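Novice: Sequence:
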Amino acid sequence: MKQSNYFLDGCRLTVDEVVQAVRGELGTVGLTGEAIAKCEASRAQVTRWLVDDAPAVYGVNTGLGNLKDSVLSLEEHLAWNKTIPYPHAVGLGEYLNPAITRASMLIRANVLSRGYSGVRSELIHRMLSIFNQGIAAAIRELGSTGLSDLGPLAHNAMVVSGLEEAEVFYKGQRMLAQDCFAAIGLEASFPLECKEALAQMNGSTMTQAIAVYACHNMQQLINIEKKIDSIWAELGLLPFAAKAKVDQAVDKAFRIIANTVNFENNITCDNPLLFEAEDGYEAVMGCNCSNTQIGYVMDLLAILLADKANVMIELFNRLEREKNLNISGIREHALARVGYIQSLCLPASADSLPTKANQEDHVEFSYGAARKAMKALQAYQFLLSSLLGAVDRLDAAAGNYSKVQEQFPGIDAERAVGSKQIVNINNYLSHTFDLVPLLNNAD
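Under numbering that gives the first Met the number 0, the sequence shown is numbered contiguously, ending at residue 442.
Keep in mind that the hints were calculated from the coordinates and are not lab data. Hints are not guaranteed to be accurate.
Straight line, CA to CA, 27 Å or less: simulated DSSO-like cross-link-like pairs of lysine-lysine [to be verified]:
(1) 244 / 322
(2) 225 / 402
(3) 81 / 37
(4) 402 / 226
(5) 244 / 226
(6) 170 / 242
(7) 225 / 251
(8) 81 / 67
(9) 242 / 225
(10) 251 / 226
(11) 244 / 225
Predicted model only: the values in this text are computed from it and were never measured.
Produce the entire structure from the sequences given, and follow the hints as far as they go.
Specialist: Okay, structure coming up:
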């Protein structure tokens with residue numbers, strides 16, 4: 000086993016560290032000794048609840064749904080752990096970006112390392128072994144309401160356990176997880192024991208992973224926009240007071256979003272939770288699988304982008320009005336993007352539809368809010384690409400070919416403002432600033 004360079008303890012994982020770890024910049028990820036000890040202590044309590052005369056403890060020695068109060072035998076529960084992912088693994092649509100599913104695996108390992116879920120430390124080591132090999136679970140976009148990402152996390156659990164149908168992405172190729180594991184020397188299967196299937200699936204870490212990359216992309220787009228602003232001033236364009244006011248307000252609101260996402264990287268997202276008591280541990284039910292706060296801030300992020308997009312249209316207008324730059328086609332394209340971003344501002348978290356025959360009575364749709372935010376970010380990136388293309392053309396018209404290149408070295412020097420240039424610039428920004436799209440097939 001490789002020596003670890005970064006250690007999870009369930010308490011301090013940040014957005015930046017998730018992104019760096021997914022890129023491989025933190026080296027091999029492992030567990031702190033304290034995290035291992037906490038997991039082993041709570042797991043010992045789970046073992047004590049598996050004897051014949053133990054009280055019914057939801058998810059540990061009982062079934063789910065209509066069987067939530069029925070005690071199962073150890074053999075029944077072990078068999079149930081093998082089958083429970085299947086009815087939930089019903090993802091549809093395109094595949095999520097492998098960076099996002101890898102981030103989810105890392106965040107889930109971090110969450111479980113807090114020791115409140117009652118899983119074996121070996122399970123977390125298994126997850127990190129998969130992560131450290133650069134493997135990503137192949138998970139489709141649709142399949143979660145945000146009250147526990149049951150669909151996406153069921154697919155993830157199948158990968159961790161090495162179930163026959165589980166698929167992964169490895170070195171850009173989609174393949175069966177078992178084939179991938181065999182090729183790189185990992186154990187093909189890892190049977191989940193009591194409580195562990197539930198602990199793998201009962202949380203919102205796929206929503207959280209999308210939110211992490213939404214924050215990362217937002218910060219990068221802000222950095223890009225500041226570079227464009229500096230070019231704008233150098234080319235003699237008048238300052239836009241409203242833009243400065245909006246940018247200031249957005250920066251302040253975005254700090255709230257980033258702080259929330261950083262905090263939620265390190266919360267125990269599982270049900271039930273195990274807390275120390277006088278005579279061992281007690282299992283506490285508290286709807287700890289939800290991610291309400293992330294739904295709120297992801298909805299807010301889309302609204303921030305819509306307001307910034309509204310302001311950006313005035314920048315296109317000024318290029319036409321003050322510099323007589325013929326960019327009517329690109330401006331119409333930009334208007335369409337603004338309208339699309341505005342359509343993504345209907346707050347998903349304002350809705351709630353009960354599921355499981357009203358057993359889950361509040362469903363926050365945070366997963367949809369996070370997906371909307373990512374799509375708004377991608378649309379805003381195209382707006383910035385369009386604006387940069389227009390500014391680049393103005394730079395050329397002034398006989399100065401260096402201002403854009405100074406801020407964006409290596410950018411495509413093609414001067415015609417059209418779809419080809421916008422796509423080229425957009426791809427340049429994606430690669431240069433590590434902007435991660437929501438889907439695996441996104442341009």
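Novice: Does residue 322 sit within 27 Å of residue 244, going by the straight-line distance between their CA atoms?
Specialist: holds, 24 Å
Novice: Can the restraint linking residue 81 and residue 67 be considered satisfied, given a maximum Cα separation of 27 Å?
Specialist: holds, 18 Å
Novice: Could you grab the alpha-carbon distance between residue 225 and residue 251 and see if it respects the 27 Å cut-off?
Specialist: holds, 16 Å
Novice: Starting from residue 251, check that the Cα of residue 226 is at most 27 Å away, please.
Specialist: holds, 19 Å
Novice: Would the hint linking residue 242 and residue 225 be met if the CA-CA limit is 27 Å?
Specialist: Between residue 242 and residue 225 the Cα gap is close to 12 Å, so the pair holds against 27 Å.
Novice: Holds or violated: residue 81 and residue 37, Cα atoms, limit 27 Å.
Specialist: Holds, at about 25 Å.
Novice: Could you grab the alpha-carbon distance between residue 244 and residue 226 and see if it respects the 27 Å cut-off?
Specialist: holds, 18 Å
Novice: Given the hinted pair residue 402 and residue 226, is their Cα-Cα distance within 27 Å?
Specialist: It holds: about 10 Å lies between the C-alpha atoms, which stays within 27 Å.
Novice: Please verify whether residue 244 and residue 225 have alpha carbons no more than 27 Å apart.
Specialist: holds, 14 Å
Novice: Residue 225 and residue 402: Cα distance at most 27 Å?
Specialist: holds, 14 Å
Novice: Residue 170 and residue 242 were given as a pair; does the straight-line alpha-carbon distance stay at or below 27 Å?
Specialist: violated, 42 Å
In this structure, the one hint that does not hold is number 6.
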